[in-house]
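2 protein chains.
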Amino acid sequence: MSEMAAQLRIAHEELRTRGLRLDLTRGKPSAEQLDLSTPLLELPGAGDHHAADGSDTRNYGGLRGLPELREIFGPLLGVPPEQLIAVGNSSLELMHDYLVHAVLFGVPGVDRPWRDGGVAFLCPVPGYDRHFAICEKLGIEMIPVPLTGDGPDMAEVERLVAEDARIKGIWCVPKYSNPTADVYSPQTVRRLAGMRAAAPDFRIFWDNAYAVHHLTDQPREIDNLLDACEAAGNADRPLVFGSTSKITFAGAGVGFLGASKSNLDWFVGHLGKRTIGPDKITQLRHVRLLRSPEGVLGHMARHRELLKPKFDLVERTFSEQLGGTGVASWTSPRGGYFVSLELMPGCASRVVDLAAEAGIALTPAGAPFPYGKDPDDTVIRIAPSYPPLPELAEAMNGLTLYVKLAAAERLLR
Amino acid sequence: MSEMAAQLRIAHEELRTRGLRLDLTRGKPSAEQLDLSTPLLELPGAGDHHAADGSDTRNYGGLRGLPELREIFGPLLGVPPEQLIAVGNSSLELMHDYLVHAVLFGVPGVDRPWRDGGVAFLCPVPGYDRHFAICEKLGIEMIPVPLTGDGPDMAEVERLVAEDARIKGIWCVPKYSNPTADVYSPQTVRRLAGMRAAAPDFRIFWDNAYAVHHLTDQPREIDNLLDACEAAGNADRPLVFGSTSKITFAGAGVGFLGASKSNLDWFVGHLGKRTIGPDKITQLRHVRLLRSPEGVLGHMARHRELLKPKFDLVERTFSEQLGGTGVASWTSPRGGYFVSLELMPGCASRVVDLAAEAGIALTPAGAPFPYGKDPDDTVIRIAPSYPPLPELAEAMNGLTLYVKLAAAERLLR
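In order, the protein sequences belong to chains A and B.
In my numbering, each residue carries its 1-based index in the first sequence increased by 16.
In my numbering, each residue carries its 1-based index in the second sequence increased by 16.
Note that these hints are calculated values from the structure, not bench results.
Values in this document were obtained by computation on a predicted structure and should not be read as measured data.
There could be a bad hint or two in this list.
Copies of the same chain look alike in the list, so a pair counts if it fits in one copy or across any two.
As a list, the in silico PhoX-like pairs of lysine-lysine whose alpha-carbon atoms are at most 25 Å apart [claimed, not checked]:
| hint | residue 1 | residue 2 |
| --- | --- | --- |
| 1 | Lys153 | Lys289 |
| 2 | Lys324 | Lys289 |
| 3 | Lys289 | Lys389 |
| 4 | Lys277 | Lys153 |
| 5 | Lys389 | Lys324 |
| 6 | Lys153 | Lys324 |
Work the whole structure out from these sequences, hints included.
Structure (structure tokens):
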């Protein structure tokens, strides 16, 4: 074993001298993926600036966004277009602002501001660091609950939400979750929608970021949360978020929020103090490029062609290098942007540090956990979308080397 | 007098039967003005997506906005580009968010949240209703101070700010203010920058919305507030806002915030929890269209050609119809988007109501005042930019008719 460790250290020294600069940190689309949306750079085109209702998209107004864009994305997000708004250039800002308004003013049905008295959120883990950062900023306590592959451990969720009125919400990435690629089962959706909540103003933050981001030709679908909540008498419970960020251009697209009429009217009321309206021309650009729900799905199929080989490479490298070693397990996502790698306890931060020494940037260990703290130091999030295949191969070889080296160090301790 | 009133009422009945639909409510650019920016509809163009630093504007990142865009607008707003951020599609949202963060967390130098203890703002009146709406939403008490033509009554401002630590800020539209077209004098700027404030975290919200929106060939300039505050030892006091909303497309442009390094770092820190970055492609579009500060000024000269005849018509109609009557006075703006009409006490809302009966929409009386309440009911804000000249002429004739009718009714009471 110590001989093996010595060999791995030699390999590490060799890798270090190569001066690599590789990056597996963020779920960024590659240049080739962005090229799929090149027409956006010259759309809508001179003379084309009227919305379907005849209004001039170059002028003020239209707080809820272009109806024709909401008609394209409504079906994809499982939201009737009249219950969907298209606003801003990301969904993260809509989640942030909903929470800010809730902290300051309270939400429809319960006007008591969330800042009065402690507020806590359930955080299925591992999860999305930017969700957790919003809670941390706003002083919202984060309570981790484990993911199961079908969504969070619902027995635990039901127990906590029923007994603790401070728990006002839960973060969910229901399809191909970041980073574990969980797809919430029909039973999970039904239980989330129907469970008894001690807080009358309990909300589900349903970040459907990867609604159409399939990696196989058998797309996974999730049950409709709005419908399930409505059927259970909890119509104000769900907040459905989505965006075009990993469909067209990251950051130069459109965010969406779908919710009950009262939630939406409340949100738009606050929004109307902040802005006169969204960038309707960028919305029109997206209508012209994507045209229909089917147009979006066709566009995503081309993303898949570019992404699939990268995810296959990750899977292959892990299998070849780590399969049977017992020192790591990993997810085999059917969609989304991430692979979650689980190591022996205490190894994740060591692997990230070793990789950094060799010029391979990984998401900081702990990032997918509230407060950046992975209690067992086991999880690393891999984002294979951005680097070209040869660079990804190099980074993956380095990564698996360090997984083995960290494990060897640990076992020799 | 009563015969005159009777004649005016007959004219009113005639006007009513014509079924007009005219709108002088909002400072919206006209279709012809928007046409000036038609190239934006096909910019930057396929293949043109790299920023000056070589980064790909189609992907995530760049929280402070494109440096080359900040270099164009920095000189126009009197802000060094490194102290300017380019974010979002309006400046209103930046004002709103600065205030929200201040209410929740306090501002640099004084971490005590503004929500702890009463907070008040000085509101030069008449002013911009959307500023006041943000204060009202956040529970910030509004204290009106009169405008003088050179900015607010500074003796009053100095007295209030020195004695009341609850006063954390003042709203200023320093050039061609909305709606009175005040241009803040050098002395006003110097006194605002240097005055003693009881609140150590006092802020000037400097909404330079009409920085380049001249209506004459002798542009008015204002002194540099950032420099004046820095010289007075109050570097963190000013927050300079601007946007392209009335330069290119309203709502499909870019907002700007300029401030001290500590203010800006604080704001960007909060911004980074809300978004991964702004729409850099829209920023690139603006760089390609406008090119330089001089390019912006050239572009604005073309706006002026379209706007000047409308403002001339307003001035001419008021002079011809109301000159010498003693029942009204009005501003003769040298820039900006508005004319402020001052009537006899108690007449403003009556004129707005009469005009509405004839299908002429005016900004609600009271709108330019905190809580929508004009204490004397005297001020009406006229926005002549949007309607074509013939419609504007018709609306102005109606308006002056109602000014006379309301005055006659009042004098006959």
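Hint check results:
Taking the shortest Cα distances, Lys153 and Lys289 sit within 25 Å of each other both inside one copy (22 Å) and across copies (8 Å). When the C-alpha separation of Lys324 and Lys289 is checked against a cutoff of 25 Å, the pair qualifies neither within a copy, at 43 Å, nor between copies, at 31 Å. Proximity of Lys289 and Lys389 under a CA criterion of 25 Å is satisfied inter-copy only: 18 Å between copies versus 37 Å inside one chain copy. For a Cα distance limit of 25 Å, the shortest separation of Lys277 from Lys153 across copies, 21 Å, qualifies, whereas the shortest one inside one copy, 28 Å, does not.
Within a single copy, Lys389 and Lys324 get their C-alpha atoms no closer than 31 Å, and across copies no closer than 61 Å, so neither meets the 25 Å cut-off. In this homomeric assembly, Lys153 and Lys324 never come within 25 Å of each other (Cα to Cα): the closest approach is 36 Å inside a single copy and 48 Å across copies.
In the structure shown, a violation is registered for the earlier hints numbered 2, 5 and 6, in ascending order.
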